[in-house]
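**Q** Assemble the whole structure, with the sequences as input and the hints as a guide.
4 protein chains.
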Amino acid sequence: MNEENKDLIRTIKQNFTKLSKGQKLIAQFIMDNYDKAAFMTASKLGDKVGVSESTVVRFAGALGFDGYPKLQKSLQELIKTKLTTVQRVEMSQDYSSDFEVLNKILKSDIDNIRNTLEDINPKAFEDVIDKIASAKKIYIVGLRTSSAIADYLGFYLNLILDNVVLVNYGISDVFEQIIKVSEEDLVIGISFPRYSKKTYEILEFAKKQGATIVALTDSHISPIATLSDNTLLAKSNMASFVDSLVAPLSLINALIVALGMREKDKIKGYFDKLEHVWKDFNIYEEQA
Amino acid sequence: MNEENKDLIRTIKQNFTKLSKGQKLIAQFIMDNYDKAAFMTASKLGDKVGVSESTVVRFAGALGFDGYPKLQKSLQELIKTKLTTVQRVEMSQDYSSDFEVLNKILKSDIDNIRNTLEDINPKAFEDVIDKIASAKKIYIVGLRTSSAIADYLGFYLNLILDNVVLVNYGISDVFEQIIKVSEEDLVIGISFPRYSKKTYEILEFAKKQGATIVALTDSHISPIATLSDNTLLAKSNMASFVDSLVAPLSLINALIVALGMREKDKIKGYFDKLEHVWKDFNIYEEQA
Amino acid sequence: MNEENKDLIRTIKQNFTKLSKGQKLIAQFIMDNYDKAAFMTASKLGDKVGVSESTVVRFAGALGFDGYPKLQKSLQELIKTKLTTVQRVEMSQDYSSDFEVLNKILKSDIDNIRNTLEDINPKAFEDVIDKIASAKKIYIVGLRTSSAIADYLGFYLNLILDNVVLVNYGISDVFEQIIKVSEEDLVIGISFPRYSKKTYEILEFAKKQGATIVALTDSHISPIATLSDNTLLAKSNMASFVDSLVAPLSLINALIVALGMREKDKIKGYFDKLEHVWKDFNIYEEQA
Amino acid sequence: MNEENKDLIRTIKQNFTKLSKGQKLIAQFIMDNYDKAAFMTASKLGDKVGVSESTVVRFAGALGFDGYPKLQKSLQELIKTKLTTVQRVEMSQDYSSDFEVLNKILKSDIDNIRNTLEDINPKAFEDVIDKIASAKKIYIVGLRTSSAIADYLGFYLNLILDNVVLVNYGISDVFEQIIKVSEEDLVIGISFPRYSKKTYEILEFAKKQGATIVALTDSHISPIATLSDNTLLAKSNMASFVDSLVAPLSLINALIVALGMREKDKIKGYFDKLEHVWKDFNIYEEQA
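Protein chains in written order, with my numbering: chain A, 216 to 503; chain B, 216 to 503; chain C, 216 to 503; chain D, 216 to 503.
Since the hints were made in silico from the structure, they are not lab data.
Fair warning: there could be bad hints in the mix.
Cross-link-like lysine-lysine pairs, in silico, DSS-like; alpha carbons within 30 Å at most [unchecked claim]:
1. C:Lys319 <-> C:Lys228
2. D:Lys351 <-> B:Lys481
3. A:Lys422 <-> C:Lys351
4. B:Lys483 <-> D:Lys351
5. D:Lys263 <-> D:Lys319
6. D:Lys319 <-> C:Lys479
7. D:Lys259 <-> C:Lys322
8. C:Lys319 <-> C:Lys239
9. B:Lys494 <-> B:Lys479
10. A:Lys351 <-> C:Lys395
11. B:Lys352 <-> D:Lys481
12. B:Lys285 <-> B:Lys239
13. A:Lys288 <-> A:Lys319
14. A:Lys412 <-> D:Lys422
15. D:Lys395 <-> D:Lys351
16. D:Lys422 <-> B:Lys351
**A** The structure is reproduced here in structure tokens:
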């Protein structure tokens, strides 16, 4: 992140008290929704916040920008790699109580899922299901926090299909696990801010080998989206120091169920076998 | 699960075509919401579905129950351990398209979060934050699919605190990792249907050693809820063969942020150090 | 372990000071080599230690046994499940210095490898290589401390072959990972004292599905040896509270190299590709 | 590795048939023991192989070196990062049978342990035990194949001590796991050829934070040896495409037992508790 962008957030915070009431509303909206604000015209941003377009333009000036387009461009660069954790802790709102946090976070996650549903391309979703169903081998790649939801996706795809490889760290490096990838294979990459560099490198390698790439990410300008044949977007906004993987997880639920519905008879026979093993080896709590 | 309960679902499905239009509405509601229906009176269930109380009573009779209370009891037993995967695949609705699946699942997850927020006890949430902040050591226990969100919680608590142990499988058994637990420690158990037996056993062991137990689960009658000092409930309903960990993950986000807000200055200094390491070792994508 | 066996070790220790000089030599030999002593006649044991057969018989009497065969039988039962860790800590010799420990342990591991080499059945070793080379899928199962060497074997077999599954704990249970095993597959089980019950159960399950079983273990009477089509024995003796996996690891080295020699051209092409990836992504230290 | 070194092995192989009988003995010795040959004078190398010093000098000339010291220097550079896997597969001897492989590998591992014992510095071994016993926190770092023996060491140290952290990949990066390291802590690094770059970087980071560093490695000129306060050397030579971790594992056994002997009473009480848990939860096979 270049110095100018780091300064943007600092500038907003430093100038906050000096802003007019309307400008404060804009500042608050940008800090909570910088990824949306980055793509709004001055007029639309004004509408959203309930101030006039000229208030937005004056706000840009108050922060030292030579017009709103300059501010907007700065916002767009900002979201490319999102903020550092330190900036995000600084930006975090002050809450009056633990319960206010709870209320705010859960509502924010409801918005994330709702926006994901509104924005998704139904054709892309269907295409991805088709590709999973027809690939020779399916590799799932998600590192760092994204590994939590990659593991979950891998667990269920492994129950439904026979040809799933979950790429993760262990005694072997991630590259060794995907080195045999070929053009008949599908690689599902999962990457949310702050984007893991290694995930990008693995997908870049797989693409060079001719594999089909599906990106599960938060934006069409995220690093892995630039490599993918299909991109599924899920919102991960959170006005705090964590990104939320709630909407991505919900989207993964939908992928699993949609795939399962196509293989209904196959998985019934298979789950029947599993139920016997689970019972024989006492994996789950039984009813008294 | 005893035979009677297995029969309940089968009975509903087998008799479905013979039911009256109003009874079909009840049947559908129960199959989609058996965990709620299990605790509704005949009158309330009728209201919810839009039929009369006597239609509900006749519905119970049509399924062979000697009155509505018998049907209700059967439902209550059913949810104790939830359905087998085979039953759930059978119960799954047929969808007309992949997009209908997506739409249904994401809306269902929105409902899960909303219901979690409505039902949660603010005092319990605050208590849990207090206990995490004051425990000598914090153990996190979540196995099978719950391990995905336990890992996520462990990752962030380890960034904020110095005394967090994530209990999971590896070269050592889970019991070896928690054997030194004492009465000054806190154990956060994460367990959703189908409840892992091992998670219950670990928490039972920890309780015997005098540790404080927090249960993150879906119901006050879930196995680990019976062991806990505090219970945080999150909905995991999904009308398909997977349970949804979306609302539990959103609740975990709230736990992380609420805790982080109390330690704001400490984590700022700490993240500052991490940012330097991340930069030096190229962990994240940098802006071009 | 029944009470009689626990008493055997205690009895030897309690009576140690009262024993004659020759009897003390026998006692020491048994404590260091109970697994060998268990299968020696009184005459052979005497030879080994350098005392007469009648001294051995009197030794049995001094411990309260009605003849040497009773003592021998007690020893044989003892090694079935080996000693508890507490007994082994008690039995551990007292060493005069850290360096004496080092000297004793390394020499003991040299003996373990030498005895492994002397006792191994060359035909069984060759058979196992043949079976690995011709199986449809190869599953490797080793839990607890054996998981360390199972991981190592899995790492190298995955470099050489395309069809290797390392069964270990993660988000999915070990049974879920092997549930699709069939009669065309090979399962390599690795189990050393104290034998993991779960490893036995997995191999028993695989055998029922018709898979071929190879046991890598310490004795023909170990639990998994009773299930196997081929057994490769490696010594794991250590006169202390750990078992040694040194000779098993050396045997695994031999398996990897023997297999690699058969696939020499294939792995050369493959390593060539890996070297490029390792170089591109900076996995190894480069020469200055 | 620069071009000259890659050429050295190729040159030896290409010229092999043209060499005199005595020169072939030297060539074979160097290919099997290049790490030893690299530090021998022409005279000593001749003695070892059973040829005259002048034969050694002529051998250097036959390979195109301007004198033996140039050949020796080339060998010394070679071992810094050891050979690539491709070169090692090429260099691998041809064996007449699987059993010959077994025999060769196990004998080679016996030599590795024997040489480890001969060369070790007893004072360094004792120092390391002292440092482990007195450190505030002990971090264990071993990646790639070394992670197998690092896991094993971590498992046992965790049974004996309360303050052990095994640094390995998971949802968090390795750096995040060691970021709180301080000057009161001890970091045990395990690194064998081909040396992992990441292991070096982690130890370098820990050293900068003031931590004490113990290197478990194969040579005083290995990368991590240059960072360490104490170095324990174990041989990992193997005339094939794998390095052997057998002697390092034997040395780890010695570390564990020596430490355990100092804490005998503490671990007895602790194992007693574990035995009850193991029994209650059926971890090990019980005697029939």
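**Q** Confirm or reject each hint.
**A** Cross-check of the supplied hints:
1. C:Lys319 <-> C:Lys228: holds, 21 Å
2. D:Lys351 <-> B:Lys481: The given pair, whose Cα atoms are some 22 Å apart, holds under the 30 Å limit.
3. A:Lys422 <-> C:Lys351: Roughly 29 Å between the alpha carbons, so the hint for Lys422 of chain A and Lys351 of chain C holds.
4. B:Lys483 <-> D:Lys351: Satisfied, since the Cα-Cα distance of roughly 25 Å is no more than 30 Å.
5. D:Lys263 <-> D:Lys319: holds, 20 Å
6. D:Lys319 <-> C:Lys479: holds, 18 Å
7. D:Lys259 <-> C:Lys322: Measuring from Cα to Cα gives roughly 28 Å; hence the hint holds.
8. C:Lys319 <-> C:Lys239: holds, 20 Å
9. B:Lys494 <-> B:Lys479: holds, 22 Å
10. A:Lys351 <-> C:Lys395: holds, 18 Å
11. B:Lys352 <-> D:Lys481: holds, 21 Å
12. B:Lys285 <-> B:Lys239: holds, 19 Å
13. A:Lys288 <-> A:Lys319: Answer holds: Lys288 of chain A to Lys319 of chain A is near 29 Å, not above 30 Å.
14. A:Lys412 <-> D:Lys422: holds, 26 Å
15. D:Lys395 <-> D:Lys351: OK: Lys395 of chain D and Lys351 of chain D at ~12 Å, within 30 Å.
16. D:Lys422 <-> B:Lys351: OK: Lys422 of chain D and Lys351 of chain B at ~29 Å, within 30 Å.
Checked against the numbered hints above, the structure violates none of them.
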